[in-house]
Amino acid sequence: MSQVLVTADGVPLKTSLARAQRRSKLKAVALVAPLFVFIAVAFFVPIIDMLFRSVENQLVGEVLHRSMPLLQKWDERSGELPEEEVFAALALDFREAKENKSGGRVGRRLNYEKPGFSGLFRKSARGADRMEAPYREAFIALDEKWGDIENWRVIKRESAPYTISYYLAALDMGYADDGGIARNSEDGRIYLKLFWRTLWMSLFITFLCLILAYPISYLLSVLPTAKSNLLIILVLLPFWTSLLVRTTAWIALLQQEGVINDLVVWFGLVDDDNRLAMIHNRTGTIIAMVHILLPFMVLPLYSVMKTIPPSYMRAAKSLGATPFTAFVRVYMPNTVAGIGAGAILVFILAIGYYITPALVGGQSGTLISNFIAFHMQNSLNWGLAAALGAILLGVVLVLYFLYDKIVGIDNMKLG
Amino acid sequence: MNMTNENPLVRFVDIQKSYDGVTLVVKSLNLDVAKGEFLTMLGPSGSGKTTCLMMLAGFEPATHGEIYLNGQGINRVAPHKRGIGMVFQNYALFPHMTVWENLAFPLEVRGMGKDEREAKVKRALEMVRLGAFGDRRPAQLSGGQQQRVAVARSLVFDPDLVLMDEPLGALDKNLREQMQYEIKHIHENLGLTVVYVTHDQSEALTMSNRIAVFDDGIIQQCAPPEVLYEKPENAFCANFIGENNRLRGKVVEEVNGNVKVEVDGSDATVEAVKIKVEGVGARATLSLRPERVVVGPKKGEMANIFPARAEELIYLGDHIRTRFTVCGHDDFIVKIPNSAAHAHLREGETVDIGWNAEDCRALDPSD
Chain E
1 MSQVLVTADG VPLKTSLARA QRRSKLKAVA LVAPLFVFIA VAFFVPIIDM
51 LFRSVENQLV GEVLHRSMPL LQKWDERSGE LPEEEVFAAL ALDFREAKEN
101 KSGGRVGRRL NYEKPGFSGL FRKSARGADR MEAPYREAFI ALDEKWGDIE
151 NWRVIKRESA PYTISYYLAA LDMGYADDGG IARNSEDGRI YLKLFWRTLW
201 MSLFITFLCL ILAYPISYLL SVLPTAKSNL LIILVLLPFW TSLLVRTTAW
251 IALLQQEGVI NDLVVWFGLV DDDNRLAMIH NRTGTIIAMV HILLPFMVLP
301 LYSVMKTIPP SYMRAAKSLG ATPFTAFVRV YMPNTVAGIG AGAILVFILA
351 IGYYITPALV GGQSGTLISN FIAFHMQNSL NWGLAAALGA ILLGVVLVLY
401 FLYDKIVGID NMKLG
Chain B
1001 MNMTNENPLV RFVDIQKSYD GVTLVVKSLN LDVAKGEFLT MLGPSGSGKT
1051 TCLMMLAGFE PATHGEIYLN GQGINRVAPH KRGIGMVFQN YALFPHMTVW
1101 ENLAFPLEVR GMGKDEREAK VKRALEMVRL GAFGDRRPAQ LSGGQQQRVA
1151 VARSLVFDPD LVLMDEPLGA LDKNLREQMQ YEIKHIHENL GLTVVYVTHD
1201 QSEALTMSNR IAVFDDGIIQ QCAPPEVLYE KPENAFCANF IGENNRLRGK
1251 VVEEVNGNVK VEVDGSDATV EAVKIKVEGV GARATLSLRP ERVVVGPKKG
1301 EMANIFPARA EELIYLGDHI RTRFTVCGHD DFIVKIPNSA AHAHLREGET
1351 VDIGWNAEDC RALDPSD
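The listed protein sequences derive, respectively, from chains E and B.
Take 1 as the starting number for the first sequence in the numbering used here and just add one per residue.
Take 1001 as the starting number for the second sequence in the numbering used here and just add one per residue.
There may be inaccurate statements among the hints.
Listed below are several chain E residues computed to face chain B (Cβ distance under 8 Å; list not exhaustive) [what the hints assert, rightly or not]:
1) Pro309
2) Lys317
3) Thr325
4) Pro333
5) Gln363
Simulated from the structure, these hints should not be mistaken for laboratory data.
Glycine included, C-beta positions come from ideal geometry on N, C-alpha and C.
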């Protein structure tokens, strides 16, 4: 039985088969290669780099490369300042840092952990030139913060090449005085609230999209082709308009002196002094985002509904089900694939949405992505931005996993 | 089956149906279906037969007229309240439910108790010999099995009337024939009333008590299969049901309920029974079944004897299908039985063929 099969000229069958298929395999690889390289360079590498940045912390150890190895021997629980040799090495580090202007960066980095470091480092880089032994006293004379053991603890902690402090910050936590991890004080908690808001607003937007898209998709699927094509164009029309134009159109409609408020006041439904606040808040974000994301719900639903023969509903009715029962028991279960696909699409788009909440969100309507952008562009705290992004990614993956467990990804039909 | 039943189960009265307000799909339909009858609506596509079925099921409103079920007008009764079982063209089994759940569905929505439900589903599944398939999904069944499930589902809630809309259209020929007998037996055993729609005339002949032939929104003829086949009342029915030879011509004489027709393209005169023609001078189509033609009759034995030239012979085992040119028509088909005594014709040979006047029917000229 274990005899090797050979072709007519004695070559083993497997070898011959592999040879015959090599050409087509190579062709397939060559066709895929450009896209693969593009995705790798433009997509995977930046994401991996970004994730790496959320834990990367080489800066302190690199710039203060003489003092930090010595500091490792210091016991932060001893209640005493580090040895003189640490201070001496630190003076040398500062002199070098002044030359290549890296002291400010280290100060800014440590400032994320504890306010005051930025100034301290600028001052010390300037003053380190004139310092003489004993350096410990000289540093404390320059700024008494150097005599605070708490500051030294922060420096030692952040001299490690990797840190979880960005993640702690992203989860509204930090290091307590005793070195343990603790939650921030009440007024220092920002991000968890934002994550929570992003999550429920995305879910709410997804839900609204589903409620609005379901009847439209149903109509599209039962209308004759000529009419449904026209309606499909109307559904797709927003896609052909710039996102910014659509969002600003909502500002024109919803603002206090806008079209809708004018109408409501004109009809006497609302006082002129109590015009509705519908923009630059949560309401504005929800309205604009539902509008923008609606097509992503309509299209998968439509494509699934299109495949449901009208005879299912007829059969259910002929078997004695009321139109409502027939809909709930027969029609809806057959659209689950479309609901799943549409909901996942809208939710994932919504949870990372940036432009619309930035323009119409105001204070109460901004999402976590707006803060990620803020840390990328304004505060330049890329580590924190990366940590926030990584947590968002994690949340999406967890939800995706739950969806797979409950509904099953295989049941999803995107079009 | 009594055609003039005093208390028909279903009664269509003056039904008209238009979808676009311009053309009538169904033009003045009057039809009774007796209790226990198997009535087939037969016709080419677009003839209005399915529309009639949909109006009876309640999925299409009648534009005019009234449909009665058990003597009650049902025009304003919603489909789910009509209690009519229905088998759809592509079965319409619910793909997200198992076979068992599909069958239990009509019982569930009627609020039937669990024990009774299970007993009925079990009985229905056994009736179509699918007792072991309750846990399967419809997609895991073959076409014939799906079809049987669809039939079982339409019967599980004991309806008086079952509608079937070309239920066997998707099956291959052997399975279709087998299912024809199964449905027929179920109909007989349960004493059901069935209204069946098909465009397949052999299916209609096999299964029905009565066949209503539809064309152009009108019932052309409604009669039992043997009457429809042997005594078609117009050229459309003669042509649509079974194989048929047509000879066109003009009536030249009328004697004792028979007419003599001069066939176009020849000077031959054929005697036929007058069924649907005007008097002398009118145009007519003569209809004659291929199996009623005799090859080589004795002189004077039959009213119509003509020389014919054999153009084409096709061997079909039990008979030889022969195409003749006779009376100027070159599409005259004769079925010659493959018996020991039969004449062995060759292509191009000329023989006499003949038929009796009573087998030949003079019908409307049609087109």
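Going through the hints against the structure:
1. Against a cut-off of 8 Å between C-beta atoms, the interface hint on proline 309 (chain E) holds, since the closest Cβ of chain B lies about 7 Å away.
2. Restraint check, lysine 317 (chain E) versus chain B: the minimum CB separation of about 4 Å is within 8 Å; hint holds.
3. With a least beta-carbon distance of about 6 Å to chain B, the hint placing threonine 325 (chain E) at the interface is held under the 8 Å criterion.
4. Annotation: proline 333 (chain E) was flagged as interfacial toward chain B, and the flag holds, the nearest CB pair being 4 Å apart, inside 8 Å.
5. Hint on glutamine 363 (chain E) is violated. Least Cβ distance to chain B is approximately 46 Å, over the 8 Å limit.
Violation of the numbered hints given earlier is confined to hint 5; every other hint is satisfied by the structure.
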